[in-house]
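Peer 1: So the protein lines, in turn, are chains A and B.
Residues in the first sequence are numbered consecutively from 399, following our numbering.
Residues in the second sequence are numbered consecutively from 363, following our numbering.
If you are wondering where the hints come from, they were derived from the structure by calculation, not from laboratory data.
Take the hints with a grain of salt, since some may be wrong.
Pulled from the structure, derived: some chain B residues nowhere near chain A, Cβ distances all over 10 Å [claimed, not checked]:
#1 LEU372
#2 PRO453
#3 LEU509
#4 GLY520
#5 VAL577
#6 ARG596
#7 PHE666
A few chain B residues that don't get close to chain A, going by computed Cβ distances all over 12 Å [said to hold, decoys possible]:
#8 ILE383
#9 SER467
#10 PRO485
#11 GLY502
#12 ALA556
#13 LEU578
#14 VAL658
Across the chosen pairs, the derived CB separations fall in these ranges [stated by the list, open to error]:
#15 B/VAL466 x A/SER434: 31 to 41 Å
#16 B/VAL495 x A/TYR443: 53 to 63 Å
#17 A/GLU560 x B/SER554: 48 to 58 Å
#18 A/ILE605 x B/ALA482: 32 to 42 Å
Glycine residues also receive a C-beta, built at the ideal position from the N, C-alpha and C atoms.
Here are the chains, one letter per residue:
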Amino acid sequence: METVAKIAVKKTEDEKAERVMTAQAVAQAALKIQVSNLNFYYGSYQALHDVSLRILSNKITALIGPSGCGKSTFLRALNRMSETLRGTRATGEILLGQEDVFAMDVVTLRRRVGMVFQKPNPFPKSIFDNVAYGPRINGLAHGTSLADLVEASLRRAALWDEVKDHLRKSAYALSGGQQQRLCIARALAVNPEVLLLDEPCSALDPIATAKIEELLYALTDTCTIVIVTHNMQQAARVSEHTGFFLMGKLIEFNETSLLFKKPACKETEDYITGRFG
Amino acid sequence: MSFRRFVALLGSIVGATLIVIVAFLALYAWPAVRLNGFAFLTDNNWNLGSLYANPITVHGQQIMPGAHYGILFLIVGTLLSTMIALLIAVPVGVGAAMFLAEGVSPMIRTWISLFVELLAAIPSVVYGLWGYVVVIPFLGHHLFPFLVEHLGFIPFFGGAAGSGYGLLTCGFVLALMIVPLITATLRDALVSQAASLHEGALALGASRFEAQWGVLLPAVRRVLIGSSILATGRALGETMAVLMISGNALNYLPSNIYAPISTMASFIVSQLDSALTDPTGMAVRSLAEVALVLCVISIIVNGFARLLLYYEGRQSAGVM
């Protein structure tokens, strides 16, 4: 909570006390992911500067900021998806529970830390096979137990009732919102501890967006959720904690209600009140 | 004339060419078709007859005495050599395309791809000569005896190893000629697949191979089918290289995979000279009938491919 502590110094005594209490509450709750001094480079370009952040278990954490601020890069560092690009490099430490993410087997890591992308990316397979893909390649289930797992995952993604009679249909026959929920079901099928969502609603209409937001809250019973969003109302609606990124730096991180009501930094205030970004 | 009409005219000329060629071929071969009947496809006997005797009249057609035209051995040779070529080329082509799309850096991909494409640009006679000089001695002296000895228990793998000219040699060389077609097309399709599919698979804990095999390859099924059909067309019609390495079997059905064969395309070339000595002209007309059969087989293969793609497309669109 280095950042929060730094910020606290700038504020009045009252607010300082309030923020220290928040910091303590954060420290006491179960930590899921602890990021310390993360720097990230695309070739010679540094996209993240010394980011430190704690993500709490079974909570929704939102990351906001203008385009190109590094929030997606940060998210993709958490399951090392960033490594799929050539010439990237990261320094610092990311702990998943107690384990060092950079030292883990990447396949195990990505099974434990699932991801949903900005544009729905269903595979060119049937609805069933899309959800069954993860369990199959990871050898988690087959036969009836696989069918049960697929059903359970689709139910959790609030899609089961809409597709239960068409499981053999191509996933491409679904609407955009359904496809995105299918992608969430697909990610859930390998039973991840953490679910990363990279602007999951940016390609969806408001009704489809509302459905996904509803379902995210229900998922926190088993998952820790980190969501990158352009939409500040969305961050305010769904998350318990919010981090504000600007030009590769984590400017402010706090409980969502505090961050939106009483931002500690000028930049945060300017951004959330719409002065730029 | 408006540009639109001009382009429409050009387009119809291209389309009409096919019809004109097939129609001409059919017209020219028609006397042979009537003479040979259905037995042309099922008889295993190509015989020009006694060329120095006087022509006789059969079914109202003048032919040389003893002349008989049956090309079962050509059909079998053509289809089997193409099948073997595909059995070798499709797995190799898919593997190479996956390697080029995912296994190497873009720079190396560009270079290797260049070589793959150049492989497709080599004239087939060069493949033939290379097959004749290099492949046949190696296969005939080393590989075939080895296969007979160790895999002889498998049907069609045993028996006489032969001289190196024959079915399997044709399969190998044809495979080499069509691999670039499959690899180049499939590589482009794989590379152009949305990176999001690849990422989606990786994010579920798939290895790079699993992502390629389980997600990207199914996404380009249509391209794979399409390029395989193109490759089939090339293998069916390949003339020069096959002529040089097939052993040019006449009236002989292969008893194992090493046996000499002949294919329709190469047979037309190899027999045209002697067929022209037939004063009745029936031999050349029968060769034209061979060409007609080859055309029809190619059209059937193409039609089958289109049917396959049509059902594929319906599935992908979720109609089923």
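Peer 1: All the hints need checking, so say for each whether the structure fits it.
Peer 2: Comparing the hints with the structure gives:
1. LEU372: Holds: least Cβ distance 36 Å, greater than 10 Å.
2. PRO453: Given a closest Cβ separation of 21 Å, the condition holds.
3. LEU509: Non-interface label on B/LEU509 holds, nearest chain A Cβ at 36 Å vs cutoff 10 Å.
4. GLY520: Consistent with the label, B/GLY520 stays out of reach of chain A, its closest Cβ about 40 Å off (over 10 Å).
5. VAL577: Non-interface label on B/VAL577 violated, nearest chain A Cβ at 5 Å vs cutoff 10 Å.
6. ARG596: It holds; B/ARG596 is separated from chain A by about 28 Å at its closest Cβ, greater than 10 Å.
7. PHE666: holds (22 Å)
8. ILE383: holds (38 Å)
9. SER467: violated (7 Å)
10. PRO485: Holds: least Cβ distance 38 Å, greater than 12 Å.
11. GLY502: B/GLY502 clear of chain A: closest Cβ-Cβ about 45 Å, beyond 12 Å.
12. ALA556: violated (7 Å)
13. LEU578: The claim breaks: B/LEU578 does not keep its Cβ more than 12 Å from every Cβ of chain A (closest is about 9 Å).
14. VAL658: At roughly 34 Å from the nearest Cβ of chain A, B/VAL658 sits farther out than 12 Å, so the non-interface label holds.
15. B/VAL466 x A/SER434: 31 to 41 Å: holds (35 Å)
16. B/VAL495 x A/TYR443: 53 to 63 Å: Since B/VAL495 and A/TYR443 have Cβ atoms about 55 Å apart, the given range 53 to 63 Å holds.
17. A/GLU560 x B/SER554: 48 to 58 Å: For A/GLU560 and B/SER554 the Cβ distance comes to about 31 Å; the hint is violated.
18. A/ILE605 x B/ALA482: 32 to 42 Å: violated (51 Å)
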